[in-house]
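Top to bottom, those sequences are chains A and B. The first sequence: position 13 = 12 (numbering that gives the first Met the number 0), numbered continuously. The second sequence: position 175 = 174 (numbering that gives the first Met the number 0), numbered continuously.
A portion of the hints provided could be inaccurate.
[As the list claims (entries may be wrong)] Covered by chain B, per the in silico footprint, the following chain A stretches (three or more residues, Cβ under 8 angstroms):
# : segment
1 : 36-49
2 : 73-81
3 : 123-131
4 : 204-216
Since the hints were made in silico from the structure, they are not lab data. Glycine included, every Cβ here is placed at the ideal spot set by N, Cα and C.
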Amino acid sequence: MASVNMTEKLPGPIYVFTMPVRIWHWLHALSIGVLIVTGYLIANPLASISGEASDHFLMGNIRFVHFVSAFVFAIGLFVRVYLAIVGNKYARGLFIVPVWRGVYWKRLWHEVKFYALLTRKTGKSIGHNPLAQFAMWIFNVLVAFFMVCTGFALYSQGTGADSWADNLFGWVFVLEASSQTVRMWHLLGMWLMLFFVIIHIYMAIRADFASRQNGVSAMINGWRTFKDDGPRDPQ
Amino acid sequence: MPVHETFYDVMRRHGITRRSFLKFCSLTAAGLGLGPEFVGRIAHALETKPRTPVIWLHGLECTCCTESFIRSGNPLAGDVVLSMISLDYDDTLMAAAGHQAEELLQQTVEKYDGEFILACEGNPPLNEDGMYCIQAGKPYVEKLRYMADHCKAIIAWGSCASWGCVQAARPNPTQATPIHKVILDKPIVKVPGCPPIAEVMTGVITYMLAFDRLPPLDRQGRPKMFYGQRLHDKCYRRPHFDAGQFVEKFDDEGARKGYCLYKVGCKGPTTYNACSTIEWNGGLSWPVKSGHGCLGCAEENFWDKGSFYSSISNLNVTGNVEATANQIGGTLAGAAAIGVAAHAAATVVQKATAKKSQPSEEVSNG
Numbered sequence: 000m001a002s003v004n005m006t007e008k009l010p011g012p013i014y015v016f017t018m019p020v021r022i023w024h025w026l027h028a029l030s031i032g033v034l035i036v037t038g039y040l041i042a043n044p045l046a047s048i049s050g051e052a053s054d055h056f057l058m059g060n061i062r063f064v065h066f067v068s069a070f071v072f073a074i075g076l077f078v079r080v081y082l083a084i085v086g087n088k089y090a091r092g093l094f095i096v097p098v099w100r101g102v103y104w105k106r107l108w109h110e111v112k113f114y115a116l117l118t119r120k121t122g123k124s125i126g127h128n129p130l131a132q133f134a135m136w137i138f139n140v141l142v143a144f145f146m147v148c149t150g151f152a153l154y155s156q157g158t159g160a161d162s163w164a165d166n167l168f169g170w171v172f173v174l175e176a177s178s179q180t181v182r183m184w185h186l187l188g189m190w191l192m193l194f195f196v197i198i199h200i201y202m203a204i205r206a207d208f209a210s211r212q213n214g215v216s217a218m219i220n221g222w223r224t225f226k227d228d229g230p231r232d233p234q
Numbered sequence: 000m001p002v003h004e005t006f007y008d009v010m011r012r013h014g015i016t017r018r019s020f021l022k023f024c025s026l027t028a029a030g031l032g033l034g035p036e037f038v039g040r041i042a043h044a045l046e047t048k049p050r051t052p053v054i055w056l057h058g059l060e061c062t063c064c065t066e067s068f069i070r071s072g073n074p075l076a077g078d079v080v081l082s083m084i085s086l087d088y089d090d091t092l093m094a095a096a097g098h099q100a101e102e103l104l105q106q107t108v109e110k111y112d113g114e115f116i117l118a119c120e121g122n123p124p125l126n127e128d129g130m131y132c133i134q135a136g137k138p139y140v141e142k143l144r145y146m147a148d149h150c151k152a153i154i155a156w157g158s159c160a161s162w163g164c165v166q167a168a169r170p171n172p173t174q175a176t177p178i179h180k181v182i183l184d185k186p187i188v189k190v191p192g193c194p195p196i197a198e199v200m201t202g203v204i205t206y207m208l209a210f211d212r213l214p215p216l217d218r219q220g221r222p223k224m225f226y227g228q229r230l231h232d233k234c235y236r237r238p239h240f241d242a243g244q245f246v247e248k249f250d251d252e253g254a255r256k257g258y259c260l261y262k263v264g265c266k267g268p269t270t271y272n273a274c275s276t277i278e279w280n281g282g283l284s285w286p287v288k289s290g291h292g293c294l295g296c297a298e299e300n301f302w303d304k305g306s307f308y309s310s311i312s313n314l315n316v317t318g319n320v321e322a323t324a325n326q327i328g329g330t331l332a333g334a335a336a337i338g339v340a341a342h343a344a345a346t347v348v349q350k351a352t353a354k355k356s357q358p359s360e361e362v363s364n365g
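Can you make the complete structure from the sequences, with help from the hints?
What follows is the structure in structure tokens.
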């Protein structure tokens, strides 16, 4: 696509999010939710409980749920990379942001103005809008892989030296020798994910009301629908 | 001293019986986490090998490593190790002083070039050409470099030599620098801790002398047998952590019952050391056993992590502003929530005004 027709019209409903991508999305979302809650409780435990230690396993269970969700999150991420390779072209949008295309930046700038409420006109997007795509890449690729690496590095402290987690992720402690600092960066990453989740959910719902296309329903049934027949880019 | 005197000869000379010698060998093998078959090998090595001289240098430090070392919990191990190693130079412990002491360094370099072990306590300050630590009229860093050039291997005693410790805390005016960042061409064993546990020190030195090689090291250069696990992994209060039973304040019921100290800042979950197994002062106690959280003194930068009484550490993002991950992140998430609410309200207003002013021109919001 060397040249882009700025008056291009987009046809009706387009099947964008295939079933595996949608399943991944909701599993990913669920795991993030559980990881944020349990992660917060690991850093800031609940009020102390009394009784015999042998009668309780609260912190142990919280950590167990955190680890299980972490496996769902991490394995899901690798499955998602696979889906990007074998899936339709929209599945690659999460990982490959077309920053080398001038029209991408033009549309992104317009989207910034739209979200800043400086204009009422907005473009149509088949997958993510350019701004959303950029945010997706930052949080669901960059931050997500950061969380996987630091998370499993911290997990390797429990599994011990020469365990698989240590062999695969122990290099994190070469970059940062203090595991306490790695914990703090992992904790900060949790807050970044929460930051993303809040804005993402808001933007998805808002799209249903204030954009030219559907929002939440696209990730439920996979179809992108448009609300008007006008050209893709606002004139 | 004859050159070929062995460790065993020295021990016998010090009145240690063969029975005690073999006991020491078993104890050392157990301390190093080796199987019973190694007892014989240690005994054989000590009986046949000539003593390796050890030069013990002191840079910027507080001498707590030496204090710990000479209090090696097991008197037998302590005595034997002290007489076993040929501690040719240690300006704190030795009788010689001044020119005589400095001559010993020169003699060791001439006699045992490339064969002696350099034990470094403390670190060299590099700022102002090393003028913050002067020994025998010269910057310590020069002495360290000279001796390191001629040694076989280096032991970095304590957190000073391993990581920099308190004198390297921000802003580190003297530019105190750990050994591994000054000496780049010699094998270095880090034995961090402030101070390290006495039995860990004697164990490391015994391993190096008996087996004539470095102990197995982890990624950070610490001996795996003593720094392979966190305090948390072997802590006797760990069941309280897993149960969710924490000391909330130092005078509460949980503190009296010996609950987990994580919430009052124990750094056991991120600190690699042998305190929870070997303990201190001959197995008498250790910080958590005495009711106080671990400070993480064996870990890099433990001195710049903020409060010792919070499980959440400072993140020095800019080097000046101190903030915790929870503060930074909480502000960020809070700002997102407020921003979203404000944006939603503004969107509603925008839509309402759009409908009012241009009811026919509504292209964008079908």
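For each hint, the structure was consulted:
1. 36-49: n = 8 at 8 angstroms, threshold three: holds.
2. 73-81: With 0 residues in contact (Cβ-Cβ under 8 angstroms with chain B), the coverage given for the segment 73-81 of chain A is violated.
3. 123-131: As far as the segment 123-131 of chain A goes, the hint is violated, because 0 residues have Cβ atoms under 8 angstroms from chain B.
4. 204-216: Check passed, 5 qualifying residues.
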